[in-house]
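Trainee: Please build the complete structure, drawing on both the sequences and the hints.
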Amino acid sequence: MKALLMDTTLCVACRGCQVACKQWNRLDAEQTSFFHGGGYQNPAHRSTQTWNLITFNEVENGRGMDWVFGRRQCNHCLEPACVTACPVGALTKTAEGPVHYDESRCIGCRYCQVVCPFNAPRFEWNDPNPEIRKCTMCADRIAVGSEPACSQSCTTKALIFGDREELLSLAKERIAKSPNRYVSHVYGEKEAGGACVLYLAKAPFEKMGFATGLPDKPFSSEVKTAMAAIPFAITGSALALGALYWVINRRLESYKENSEDES
Amino acid sequence: MNRKTAPIHPGPALLGGLACLGLAAVIYRFWAGIGAVSNLTDGHPWGFWVAIDILAGVALAAGGFVTAGLVYIFGGKRFAELARPAVLTAFLGYVMFVLGLIVDMGRPWHMLYIFVGNHNSPLYEIGWCAALYTLVLALELLPPVFEKYSMDRAQRLWRSLSPWLVIVLLSIFTLAMTYSWIWLAIVAGLLLAWEILMRKGVMGRQRQTPILLIASGVMLSFLHQSSLGSLYLMTAHSLNPLWHSPLLPIMFLISAIAAGMAMVALESLAGERFLGHKAPFSPLVDMARIVPVFLIIYLAMKAGDILAYGDWRRLFIPNVQSVMWWVEMGAGVVAPLVLYLTPGFVRKKSGLAAASGLVVCGLIINRVNVAVIGLQVQRWQSYYPHPLEVLITLGIISAGVLTYAWASANLPIHPRK
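One line per chain: the protein sequences are A and B, in this order.
Throughout the first sequence, residue numbering follows the UniProt record's numbering, covering 1 to 263 in sequence.
Throughout the second sequence, residue numbering follows the UniProt record's numbering, covering 1 to 417 in sequence.
The set of hints was computed from the structure by calculation and includes no laboratory data.
A few of these clues could be false.
Have a look at the derived ranges for each label pair, beta carbon to beta carbon [stated by the list, open to error]:
#1 Met65/A with Leu112/B: 50 to 58 Å
#2 Val320/B with Glu189/A: 30 to 38 Å
#3 Ala270/B with Lys190/A: 49 to 57 Å
#4 Ala29/A with Ile182/B: 54 to 62 Å
Distance condition first, Cα-Cα at most 25 Å in a straight line; then the derived PhoX-like pairs of lysine-lysine [unchecked claim]:
#5 Lys2/A with Lys22/A
#6 Lys157/A with Lys202/A
#7 Lys200/B with Lys256/A
#8 Lys190/A with Lys2/A
#9 Lys278/B with Lys348/B
#10 Lys256/A with Lys77/B
C-beta: ideal position from N, C-alpha, C; glycine also.
Mentor: In structure tokens, the structure reads:
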């Protein structure tokens with residue numbers, strides 16, 4: 001399974017990956033302005049036209065303020081909540097890694113947005129024929145043996161593409177080699193069951209705006225338990241209702257007969 | 001019913017006006033997109049419509065399956081007069097729910113894909129179940145139509161065919177949920193055995209009503225009322241732990257049963273007041289004895305859940321969520337419970353209306369809390385419904401109430417005076 005590793009300590013926030021993402025996926029330019037939330041972060045949020053966003057964070061490091069750069073995109077989870085949630089199967093997890101969205105089945109219910117802990121799917125609110133839009137991990141490029149536009153454009157090799165297992169051991173190697181340079185955590189290894197986008201950072205992830213405090217088990221596990229109970233609920237309720245109906249009606253009838261005998 | 005040239009009353013006129021305005025807003029929504037008529041955002045993709053039209057609407061329509069089940073399966077003949085109005089309300093409730101869903105879905109023209117969708121999704125289950133249950137309710141609602149137009153042959157056909165139709169529908173449903181022929185065989189076998197045992201006279205059979213039709217309504221309701229709670233199992237990251245719980249599916253089911261019965265009382269009393277047909281009071285009082293049982297179960301589950309997960313400290317952090325939790329549980333569960341258990345209180349019409357009204361309000365507040373107030377998403381501003389969101393919902397409800405009034409006036413729904 002393919003994955004991306006972002007070593008945020010190497011990122012210089014050139015935003016080349018943002019531009020490359022827009023070019024390859026033909027996303028429209030947006031009206032932007034500095035200091036409207038997030039300082040130099042621009043645009044302020046991901047949107048239907050911005051799937052990949054470099055975040056600018058000011059973090060207290062003990063000696064003063066540090067400027068650390070993070071990144072936001074669809075994390076392409078190993079067991080995605082959105083895929084379990086989608087009632088029509090418009091979202092699927094592919095063997096190569098990307099979580100794929102098929103607009104030809106989408107009913108626009110937005111349940112994927114409700115359940116995504118990373119707030120990745122975006123909805124076209126002002127379109128009468130709206131779609132969900134999010135990072136595709138450039139599945140079209142991966143399919144022909146290339147790599148995503150963002151990682152290919154990265155000049156400092158902060159963002160690299162490869163096999164998930166290899167990237168994960170590389171990330172752990174880097175932490176082990178320079179423990180002072182990194183917080184000892186690979187974000188995306190275990191979060192909500194793990195993801196295909198991994199992050200290394202020098203500042204704590206919660207201070208860089210990452211969703212933290214997520215359980216290690218996938219979000220879908222409780223739902224799968226509840227859904228697995230359905231056939232038992234159908235059978236059980238049919239048995240219980242049938243039995244109760246039988247017993248109660250027999251009692252009512254014998255009661256009726258008795259009272260008729262007496263009268 | 002020989003009312004001629006009735007004058008236009010302010011009530012129906014207001015409801016009709018709201019329905020028309022709502023329709024205009026719906027047309028605008030399909031022209032300009034959901035963003036034009038709502039305050040929904042990528043951080044708060046579900047809001048007022050989901051809370052009211054879907055979660056509260058379906059729960060309040062639970063009176064249909066509860067009453068029908070009580071009368072025909074649990075031998076509660078004394079509730080018989082309540083069954084038809086309750087089934088009518090439930091049917092209209094589900095039609096309103098589907099209309100609300102069509103407005104809320106971005107691409108409703110793809111909605112049939114839900115029948116060939118993803119059987120891990122609670123929403124897929126709800127789609128299947130609600131569609132089948134609406135069909136079952138329509139079938140349950142046919143006898144008044146048969147009686148009105150004296151369609152005896154059609155009624156006989158309905159009596160003999162609907163059990164087989166139900167067996168086929170529930171079997172297909174089981175297959176769709178499990179993709180397993182074994183489960184299909186088990187469910188089909190059980191239902192067939194039930195029907196055959198009734199026909200052979202081993203189990204008592206009611207000549208007038210196909211028992212399997214009623215039973216299927218109860219079974220389908222159990223499933224989708226609880227699945228509405230399952231929807232929120234996957235929101236551990238955003239739903240306040242005051243509401244998020246692995247027991248959500250069962251809590252949704254229990255609260256819907258209590259509120260469904262309260263709704264039967266409330267609409268019966270409202271019908272007496274505004275539509276001029278008599279409320280069968282003594283069965284309503286009998287039913288009011290069952291409601292507190294479910295309120296106590298619900299209260300115990302909520303309390304146990306809060307204590308078991310150690311979230312009770314959140315109850316004393318002063319914020320909107322904790323206040324709304326106390327309002328919901330205090331005014332919507334504990335207060336009506338006290339009223340129901342006060343001897344003689346619900347034997348007065350005003351008392352019954354007050355207790356039922358509180359339960360219904362409590363349910364609505366609970367669903368709003370789960371879907372809107374308890375959901376907090378990092379870095380996104382709070383969500384408040386747009387006036388047009390509210391108008392669309394009011395329009396749909398108004399159309400529903402008008403249809404209810406029309407049907408009660410034109411079909412033998414209520415007991416004759």
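Trainee: Now, for every hint given, state plainly whether the structure supports it.
Mentor: Quick rundown of the hints versus the structure:
1. Met65/A with Leu112/B: 50 to 58 Å: For Met65/A and Leu112/B the Cβ distance comes to about 55 Å; the hint holds.
2. Val320/B with Glu189/A: 30 to 38 Å: holds (35 Å)
3. Ala270/B with Lys190/A: 49 to 57 Å: holds (54 Å)
4. Ala29/A with Ile182/B: 54 to 62 Å: holds (56 Å)
5. Lys2/A with Lys22/A: holds (21 Å)
6. Lys157/A with Lys202/A: Cα-Cα ~16 Å, so holds.
7. Lys200/B with Lys256/A: Judged against 25 Å, a Cα distance of about 21 Å means the pair holds.
8. Lys190/A with Lys2/A: Holds: Lys190/A and Lys2/A sit about 16 Å apart, inside 25 Å.
9. Lys278/B with Lys348/B: Cα-Cα ~15 Å, so holds.
10. Lys256/A with Lys77/B: holds (13 Å)
In terms of the numbered hints stated before, the structure departs from none.
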